[in-house]
Every structure is written in structure tokens, then in C-alpha cells.
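Colleague: Chain residues, written in single-letter form:
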Amino acid sequence: GAGVSQSPSNKVTEKGKDVELRCDPISGHTALYWYRQSLGQGLEFLIYFQGNSAPDKSGLPSDRFSAERTGGSVSTLTIQRTQQEDSAVYLCASSPGDDRVWRLAKNIQYFGAGTRLSVL
Amino acid sequence: GESVGLHLPTLSVQEGDNSIINCAYSNSASDYFIWYKQESGKGPQFIIDIRSNMDKRQGQRVTVLLNKTVKHLSLQIAATQPGDSAVYFCADQGESGAGSYQLTFGKGTKLSVIP
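Residue numbers (this note's numbering), protein chains in the order written: chain A, 1 to 120; chain V, 1001 to 1115.
Only chain V is shown next, with the shape it has when bound in the complex (with noise of 0.2 Å):
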């Protein structure tokens, strides 16, 4: 079955330096990836998205990079503040069993910022 997964389960950062959050998926047939931010009481919130049919995008301090070659995913957060500090989960879309379209979510890695 499809499967996204982390590499590193926590994350500790000094403020101010850049972040690297790492995603591994399995299904060579999914065709869009989300990383979502969650912080703590709060639901997922979307950051950032990218086809398949693309290498990189860019947001705002936000880069997210897509080989697949070996099915890896990460997020680039730069200049890392406080306010980073949450929960990232990777998610790509594929076809579920049951023939709908579905994100399947990774467990999620802690950002956590040292000031």
C-alpha cells in the first residue's frame, strides 16, 4: 500500500538558521505532494504543494524539493523564527483502494526553534 514517512521524527534549529525537513514516499504513481504545518491545539495548515511534474517551488521563506528518482520529498525553510516551531507533515495524493483520491499523511516532524 502507499506509505509516506519521515526520515528524522524531531528537529531542533537556532533561530535565524535554515531548516531541513525530509519526507520519504512510496507510491512511484502519486502526482501531488502538500506540506502542511501544525501548530499546537491547531489543525494542519497548508504551507506548500508541488506536482509531480516539478523538481522545486518556491513560497515565501519556503522551498519544497521533489526527487523522484527516489521518491524523496523536503521542505526548506529559511531563517528560521520562533513561529516555525511546529509539527510538518508531508502528504502526497494517490489513488486509494476504494478508487477516491486521497492524501496520505506521514507522521510528522517537531520543528523546534532555539531563540
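Same shape as in the complex, but just chain A (with noise of 0.2 Å):
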């Protein structure tokens, strides 16, 4: 596609039930990013996906937070049991690739627009 995708835009869910949210990357990025953004606040990393690599999990906050990568594209972020501090707007990014060897590429991020998530 154009850009970064996410969906849904906006989820009202009620607490302890599961949400899913959805990341369509840019087509041909190998590089999938999933960040946080609490009201006012920065970026908090929670996931990255690299290829076929095992996807760097050392940002999730609690082990209710997961995601994974079909097909090295559209990536799934499932919440379970979601809590009032959940809420939160959830942003995701790709890049073309972010490797060792090329770590002298610019490895710009292109954010989609976020789902803002709100747990009562």
C-alpha cells in the first residue's frame, strides 16, 4: 500500500476483555514496529519484527501483551485482559530493513496513524 495502515482506528473496549489491533506495513518492508504513545507523553517501544528473525520482545510490558507477523507482512497486537492503564493510542511503523550488515542504511520509520484504544 501508500502507507502504514492500522486498524481500527479508534476501539472502546471494557476491562478484561481481549483486543486485537491490526498493522498493514508498507508493501516490501521487512522491518515492523509496534510503539505506545500515552496521552502527552513520548514513544515507548514495545516490538520489533525483522524478517524471518525472532522478533525483539523487549519492550512488552507484561506477558497479557503479544503480537506476531504473518506471512512477513500484516501484524496482529492482542491485549489480553486489558486494564484501564492500557489505554493508550498503539502506533505502528516499518522501515525497508534494519540489519547488522546494513546498519549503515538510514533506517527511516513510517508511522500509520494509530489506534487509539480506551479501556473502561
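Among the hints, erroneous ones may be present.
Stated by the list, open to error - Computed from the model, here is a short list of chain A residues facing chain V with C-beta under 8 Å:
1. Q41
2. L43
3. Y48
4. L91
5. N107
6. Q109
As the list claims (entries may be wrong) - To spell it out: a stretch of chain V is covered by chain A in this simulated footprint if at least three of its residues, at any positions, have a beta carbon under 8 Å from a beta carbon of chain A; those stretches are:
7. 1040-1052
8. 1104-1115
Keep in mind the hints are simulated off the structure, nothing from the lab. It should be emphasised that the depicted structure is a prediction, and the values quoted were computed from it without experimental measurement. C-beta atoms are modelled at their ideal positions from N, C-alpha and C, and glycine is treated no differently.
These two chains come separately, so use the hints to put the complex back together.
Modeller: This is the structure:
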């Protein structure tokens, strides 16, 4: 696609419910990132996928959070048993690649518009 | 750990004036820096980047300055316009604890342009 697409744009859920957020990266981009942005705050890194490598999950705040990326393209971020503190904007980004061999290359990340999650 | 922070959380400037947004980073091994602009309700958009082997880079109405000695980055916007009102984030790229390369973002500076 022309840009990173995220759905839904808004999600309201009840505490304790599970939610799934979807990200369609830019076609051909091998790297995909999820971030969380609380109101008035910066971007908190959650998870990173690069090609077929094992994802970097170092930013996931708890085991209620998980993500997968099928076929090296679309990614889904799942939050189980949502809590009110999970309320935030969840942003997805993709980039052409970020490999140790290519680290001299620019790793510009292109962001989607985000999913605004509200947990009541 | 790595951290990127901003000196000023908010900045108000008169339309037509120049804006300067500052950023400090802590990782002396960071070799790549990006400035992003985030308008309300949108995701961050790339503005300009700079590598650590450069001190200055210019774009259209924007200039990024890098001072590696004091680990300081700034974004200068010339002739600020109302459309420049947004939150600006700096980010640096360095190796994460998991061995991959991440962008670490600061909290952002909100720029408000006064007509």
C-alpha cells in the first residue's frame, strides 16, 4: 500500500476483554515496529519484527501483550484481559530493513495513524 | 540505558519567526538521528535525519544540528508557519539490549505558532 495502515482507528473495550490491533506495513518493508503512546507522552517501544528473525519483545510491558507477524507482512498486536492503564494510542511503523550488515543504511520508520484504545 | 530527552516540553513562537527545538541524547554510540513531526490525530512523520559523521544538515526550511561533544541535537525551523504547529520528537538509533537496532524517542516538544 501507499502507507502504513492500522485498524481499527478507535477501539473502546471493557476492562478484562481481549483486543486485537492490526497493522499493514508498507509493501516490501521487512521491519515492523509497535509503539505505545500515552497522552502527552513520547513513544514507548513494544516489539520489533525483522524478516524471519525472532522478534525483539524486550519492550512488551507484561505477558498480557503479544504480537505476531504472519507471512512477513501484516501484524497483529493482542492485549489480553485489558486494564485501564492499557488505554493509549498504539502506533505501528515499518521500515525497509534494519540489519547489522546494513546498519549504515538509513532506517527511517514510517508510521501509521495509530489505534486509539480506550479501556473502560 | 539509552535515553533521549528534550530540554523544553512546550514552545510558542510568532508566525514568521524561527523556531529552535533542542534534544539531548545519552548514548555516545548512537550514530543516526531523526526528527519527527506529529500532528494531532496522526502518526509521526519523518522530517529530517542526520548521521553522526555530520554536524549539520539542511532541508526545506529545516536544519538539524548535531553536537557530538555534548550529545546535543537541535531542529531549526525557519519562518515558522501555522502548519508547523505539532509535537516534534527526536530519536536516536542504537543497539538495544536484545541486539537489534531501535529508535529511542524523546517525550516531544509541542510547538505552537501564534498567528
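Colleague: Now tell me, hint by hint, if it's right for this structure.
Modeller: We went through each hint and held it up to the structure:
1. Interface hint status for Q41 of chain A: upheld, as the beta-carbon distance to the closest one in chain V is roughly 6 Å, under 8 Å.
2. Here the hint on L43 of chain A is kept, as its CB sits about 4 Å from the closest CB of chain V, short of 8 Å.
3. Interface hint status for Y48 of chain A: upheld, as the beta-carbon distance to the closest one in chain V is roughly 6 Å, under 8 Å.
4. Using the Cβ-Cβ criterion of 8 Å, the hint placing L91 of chain A at the interface with chain V is satisfied: the shortest such distance is roughly 5 Å.
5. Interface hint at N107 of chain A: satisfied, since its Cβ lies 6 Å from the closest Cβ of chain V, which is below the 8 Å cut-off.
6. Given the 8 Å rule on beta carbons, the hint for Q109 of chain A holds: about 6 Å separates it from the nearest Cβ of chain V.
7. Here's how the region 1040-1052 of chain V fares: 7 of its residues keep a CB closer than 8 Å to some CB of chain A, so the rule of at least three is met and the hint holds.
8. Check result for the region 1104-1115 of chain V against chain A: holds, 5 residues qualifying (beta carbon to beta carbon below 8 Å, three or more required).
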